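One-letter residues, chain by chain:
There are 2 protein chains.
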Amino acid sequence: MPYFDTASAAPLHPVARQALQASLDEGWADPARLYREGRRARLLLDAAREAAAEAVGCRPDELVFTPSGTHAVHSGIAGVLAGRRRVGGHMVVSAVEHSSVLHAAEVHEAGGGTVARVPVDRMGAASAAGYASALTASTALACLQSANHEVGTVQPVAEVAEVCAAAGVPLLVDAAQSLGWGPVEGRWSVLAASAHKWGGPPGVGLLAVRKGVRFAPQGPADERESGRSPGFGNLPAVVAAAASLRAVRAEADAEAARLRVLVDRIRRRVARLVPDVEVVGDPVRRLPHLVTFSCLYVDGETLLHELDRAGYSVSSGSSCTSSTLTASHVLKAMGVLSEGNVRVSLPAGTTAAEVNGFLEVLPGVVAGVRATLGVPEEEPQAPVAESLEVDAVGLRCPQPVIELARAIRTVPVGGTVTVVSDDEVARLDIPAWCAMRGHTYLGESPRPPATAYTIRRNL
Amino acid sequence: MPYFDTASAAPLHPVARQALQASLDEGWADPARLYREGRRARLLLDAAREAAAEAVGCRPDELVFTPSGTHAVHSGIAGVLAGRRRVGGHMVVSAVEHSSVLHAAEVHEAGGGTVARVPVDRMGAASAAGYASALTASTALACLQSANHEVGTVQPVAEVAEVCAAAGVPLLVDAAQSLGWGPVEGRWSVLAASAHKWGGPPGVGLLAVRKGVRFAPQGPADERESGRSPGFGNLPAVVAAAASLRAVRAEADAEAARLRVLVDRIRRRVARLVPDVEVVGDPVRRLPHLVTFSCLYVDGETLLHELDRAGYSVSSGSSCTSSTLTASHVLKAMGVLSEGNVRVSLPAGTTAAEVNGFLEVLPGVVAGVRATLGVPEEEPQAPVAESLEVDAVGLRCPQPVIELARAIRTVPVGGTVTVVSDDEVARLDIPAWCAMRGHTYLGESPRPPATAYTIRRNL
Chain X
161 MPYFDTASAA
171 PLHPVARQAL
181 QASLDEGWAD
191 PARLYREGRR
201 ARLLLDAARE
211 AAAEAVGCRP
221 DELVFTPSGT
231 HAVHSGIAGV
241 LAGRRRVGGH
251 MVVSAVEHSS
261 VLHAAEVHEA
271 GGGTVARVPV
281 DRMGAASAAG
291 YASALTASTA
301 LACLQSANHE
311 VGTVQPVAEV
321 AEVCAAAGVP
331 LLVDAAQSLG
341 WGPVEGRWSV
351 LAASAHKWGG
361 PPGVGLLAVR
371 KGVRFAPQGP
381 ADERESGRSP
391 GFGNLPAVVA
401 AAASLRAVRA
411 EADAEAARLR
421 VLVDRIRRRV
431 ARLVPDVEVV
441 GDPVRRLPHL
451 VTFSCLYVDG
461 ETLLHELDRA
471 GYSVSSGSSC
481 TSSTLTASHV
491 LKAMGVLSEG
501 NVRVSLPAGT
511 TAAEVNGFLE
521 VLPGVVAGVR
531 ATLGVPEEEP
541 QAPVAESLEV
551 DAVGLRCPQP
561 VIELARAIRT
571 VPVGGTVTVV
581 SDDEVARLDI
591 PAWCAMRGHT
601 YLGESPRPPA
611 TAYTIRRNL
Chain G
161 MPYFDTASAA
171 PLHPVARQAL
181 QASLDEGWAD
191 PARLYREGRR
201 ARLLLDAARE
211 AAAEAVGCRP
221 DELVFTPSGT
231 HAVHSGIAGV
241 LAGRRRVGGH
251 MVVSAVEHSS
261 VLHAAEVHEA
271 GGGTVARVPV
281 DRMGAASAAG
291 YASALTASTA
301 LACLQSANHE
311 VGTVQPVAEV
321 AEVCAAAGVP
331 LLVDAAQSLG
341 WGPVEGRWSV
351 LAASAHKWGG
361 PPGVGLLAVR
371 KGVRFAPQGP
381 ADERESGRSP
391 GFGNLPAVVA
401 AAASLRAVRA
411 EADAEAARLR
421 VLVDRIRRRV
431 ARLVPDVEVV
441 GDPVRRLPHL
451 VTFSCLYVDG
461 ETLLHELDRA
471 GYSVSSGSSC
481 TSSTLTASHV
491 LKAMGVLSEG
501 NVRVSLPAGT
511 TAAEVNGFLE
521 VLPGVVAGVR
531 ATLGVPEEEP
541 QAPVAESLEV
551 DAVGLRCPQP
561 VIELARAIRT
571 VPVGGTVTVV
581 SDDEVARLDI
591 PAWCAMRGHT
601 YLGESPRPPA
611 TAYTIRRNL
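Chains X and G are the protein sequences, given in the same order.
For any residue, its number in our numbering is found by taking its place in the first sequence, counting from 1, and adding 160.
For any residue, its number in our numbering is found by taking its place in the second sequence, counting from 1, and adding 160.
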């Protein structure tokens, strides 16, 4: 039963399991204690820190272990913002950061700080120019992920780091998605990562803060981990995290080459086998194992459910699969279709047969979901009016777009359709649909309590 | 090699190890996902929450898992203080809380809040009357540990909870040291605990917040664990924590009865076998497995080192064994001797033979340390002056007290000795020495950059 959501969580790497076993026996004591059990734990902790620092590319005394990647991000951001408070309260992030970064930015705003969100292109990539124009004299911190967690696009970290260094602004890199594949290049200042993304155990994050970065840990004082991560450490998991990072790195180049071929196949085949699909993210500058596509006229939750029934575990950025009823902020920032969204992230060891099996099943599953939703036929139809208004209030994604696709055939070329919808996702998906189908999106106007979106038929 | 520091960390319980193994296979996926691996993880998480809630004595939806007991305390305190901000910024803690509570209180003070520290008696116990007089109309939160982590004294939680309930103030109980032995009695509002204290794995804390308590989680938003504990959860460890809590509870009464006998033996024998020793903490209302004593004229670090060489791992609240050079705040609040302090906390399964072995070794180890420090002979000596001043500036614990013991014999009964010391611990240990030896402590006066402590010889 293939599991294709390794970007969410990866099964434990065999080396992580072995290291965890061994250090449950050797590393349960408090490494701060002076007796033999404590000294033994201290040796394990020191060795794990050295191994992790080597993989990150920093000094051991620059790196601490945290309870998760999210904690590493939160502590790293809070520490730099406080340490550089005198510089100012301005912070720069990309629009497609992980929610842990964006939520920390919201807390900063709520506390009176300001946040600039650097836009990305349609591939999901931020640019050095974007950061350059966002930096101000009062910028305390800039943040950029090494690669995007939803679409796999690799960010220009080294270039952005140069721009930040020139401005004297520290760059925090969220390396959660890429650290297992290799070190982050460029002159970053702070780095955060999460062990369970590379096959290490859950419960371990890494936070590296380069010497020279002004850093003031926030929250109650605690003498552990240089005062940067409170609470009794999870030493067995830390040891397993460090050991498995070293192990996955040893296999990374070969595995990346292999998975890159499989992902390229998915990118090509999905576009060919599934009608009305948009494969998103950079086809070249991307993570080796991850691909995302969106299917028109498909309800994401039903799609995931049917794929699960067929034996494939994948993820989605569609609004209809999240509890918040909002579409992925990443897809939104990219301006690409969010409905029927599927993220496939292949774990190490995924075989071509597994990928082929998925590609065999997918077109039928998508067709099945579309059939139950009553997706409009492609046959031409006689126009019924020059312009038409569709009341889609109360309908949820993907229904407003399905209504639009049905209505557009009933106006002549040059005619318009206005969709009135109170589904927030329509704002993203209606323009994306126009771009895919060659129609012109004319814009939106308020129609309280909903919004009216107007489209001109072009063909 | 007996390990007698289970109050710091306990080796993994066999049930915890089994559960951890099993859930590494079954529980690595994200429980928020809808596919089968996610659903399986969700089932494990739900079952662990139910088991833990049953052991705590709360509803499953009142309990969340955190990365450590320290995180549970920090989040619990911050959440209640923010949730009840309108009531006021006053907080009440006992003087002998764990550092995680006291450091959170310091952060609250730094942010403009006020904190009352309820004193304890010489046994280390706080009182309901003490809390009653500390509560004000603007008290947002009161905190009290279930039992003290350094001396084992059990606190009157149920009585204090009644006082708090009558005043409408929520009581947060730090149950880290006692939860493995049984549920916390009384009408507490918030409870925090730590799995590695009961033989669960590190990396798991519990935070229970009763329905009806106004609670506003602080820090960046995160949808996991009801928004009260951010970051990807450590599910295998959570499962192991819940399973081992159930297991240790099943053995708790029998094991408590057994260890209580062993600890009683240590309390009696240490007082008899070691001269100039003070056994501290309540002899009856105490944790079953923990005992602390302080040895006059002994350097705590050397003592721990020698006990370690003899095969016994114990802990100490002496200043000379901590990196901060301050004595334990608990011993300070109790007003008991801190020098030569030893905490013995027996893990489950400790045998009488192991305890006897320790008691055989201890007197010789203490005598050996005293011999190297040049502890004064007991022989009487002719007085050399009516009053005497001893310059102990630059000397560290236990040397100022040793100098005092040497000098007191050179003044007549009724004469005085003044010790000038810049060791902060002298303020605690000189009065404690007077109480132990039957002399009168007359008080201190500033002697910049040191302090002068004056003692009258009584016998």
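No lab work stands behind these hints, which were simulated from the structure alone.
Some hints here could point you the wrong way.
Unchecked claim - So these bits of chain X aren't anywhere near chain G, every CB distance computed over 10 angstroms:
1. Arg-193
2. Ser-293
3. Ala-327
4. Ala-381
5. His-489
6. Gly-495
7. Gly-575
Claimed, not checked - Where chain X lies over chain G, by a calculated footprint (3+ residues, C-beta under 8 angstroms):
8. 202 to 213
9. 263 to 269
10. 340 to 349
11. 367 to 373
12. 572 to 585
Predicted model, so just to flag it, every value in this text is computed and none were measured.
Glycine residues also receive a C-beta, built at the ideal position from the N, C-alpha and C atoms.
**OP:** Kindly indicate which numbered hints from before are broken by the structure, ordering the numbers from low to high.
**Re:** 1, 4, 8, 10, 11, 12
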